[in-house]
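Work the whole structure out from these sequences, hints included.
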Amino acid sequence: GENVEQHPSTLSVQEGDSAVIKCTYSDSASNYFPWYKQELGKRPQLIIDIRSNVGEKKDQRIAVTLNKTAKHFSLHITETQPEDSAVYFCAASIRNTGFQKLVFGTGTRLLVSP
Amino acid sequence: EAGVAQSPRYKIIEKRQSVAFWCNPISGHATLYWYQQILGQGPKLLIQFQNNGVVDDSQLPKDRFSAERLKGVDSTLKIQPAKLEDSAVYLCASSDHRGAGEKLFFGSGTQLSVL
Chain A
2 GENVEQHPST LSVQEGDSAV IKCTYSDSAS NYFPWYKQEL GKRPQLIIDI
52 RSNVGEKKDQ RIAVTLNKTA KHFSLHITET QPEDSAVYFC AASIRNTGFQ
102 KLVFGTGTRL LVSP
Chain B
138 EAGVAQSPRY KIIEKRQSVA FWCNPISGHA TLYWYQQILG QGPKLLIQFQ
188 NNGVVDDSQL PKDRFSAERL KGVDSTLKIQ PAKLEDSAVY LCASSDHRGA
238 GEKLFFGSGT QLSVL
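Read top to bottom, the protein sequences are chains A and B. Take the position in the first sequence, starting the count at 1, then add 1; the result is the number in my numbering. Take the position in the second sequence, starting the count at 1, then add 137; the result is the number in my numbering.
Treat the hints with care, as some may be off.
Derived DSBU-like pairs (lysine-lysine); straight-line CA-CA distance at most 30 Å [unchecked claim]: (1) B:K220 <-> B:K199; (2) A:K43 <-> A:K23; (3) B:K220 <-> A:K43; (4) B:K148 <-> B:K240; (5) B:K181 <-> A:K23; (6) A:K43 <-> B:K181; (7) B:K181 <-> A:K69.
Derived from the structure by calculation, the hints contain no laboratory data.
In structure tokens:
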């Protein structure tokens, strides 16, 4: 089945710096790659996603890039702020009997220090 | 719009006891998911419903876990009997399509501690 690996497991940056989180997936048929942010004690929330027919997508300070050949995708956060501190999960969708399900990475704990 | 509702928020039980979790998805969402999130790990899909039918339960430990979604709306997830390794947050999520590249809306989760 699909396997999603995520690195690093923890990331500490200073406010204003950039942060990059990387994920690799195993199933070449995967075609949808969302990123979820989970603040402490709260539910995961979608922050950005990308489909396999697009190489890059940007939304204000957040961007995601996808390399289908290498089967990896990355989350880029620029001008980080303390409120960006959270656990970030990447995911990849695989087909299963006509439906798709998400397989999540293990998460990256991002700490932004003022 | 109202979000995905889950209850209880916390549950503490002893091993070999039974426990049940409840989920009410966003109105109109046909697809409902139950995920298990062990501390320090990403959510793992346990079961996926499309309306009241099971689409995927390949990772559900069927000897102890069961789930149903009667009438295609609310869902319950049960564990009987519980083991120590079942300690986790159980997240319910819903989406309004087959999950094929659609946004998942998560509930707040039920934190289960098995002692």
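Given pair status - B:K240, B:K148, alpha carbons within 30 Å: It holds: about 28 Å lies between the C-alpha atoms, which stays within 30 Å.
Hint consistency between A:K43 and A:K23 [alpha-carbon to alpha-carbon, up to 30 Å]: holds (23 Å)
Hinted pair B:K181 and A:K23, Cα distance within 30 Å: holds (19 Å)
Hinted pair B:K220 and B:K199, Cα distance within 30 Å: holds (13 Å)
Restraint check for B:K181 with A:K69, where alpha carbons must lie at most 30 Å apart: holds (24 Å)
Hinted pair A:K43 and B:K181, Cα distance within 30 Å: holds (17 Å)
Holds or violated: B:K220 to A:K43, with C-alpha atoms at most 30 Å apart: Distance of about 25 Å is within 30 Å: holds.
Checked against the numbered hints listed earlier, the structure breaks none of them; every hint is satisfied.
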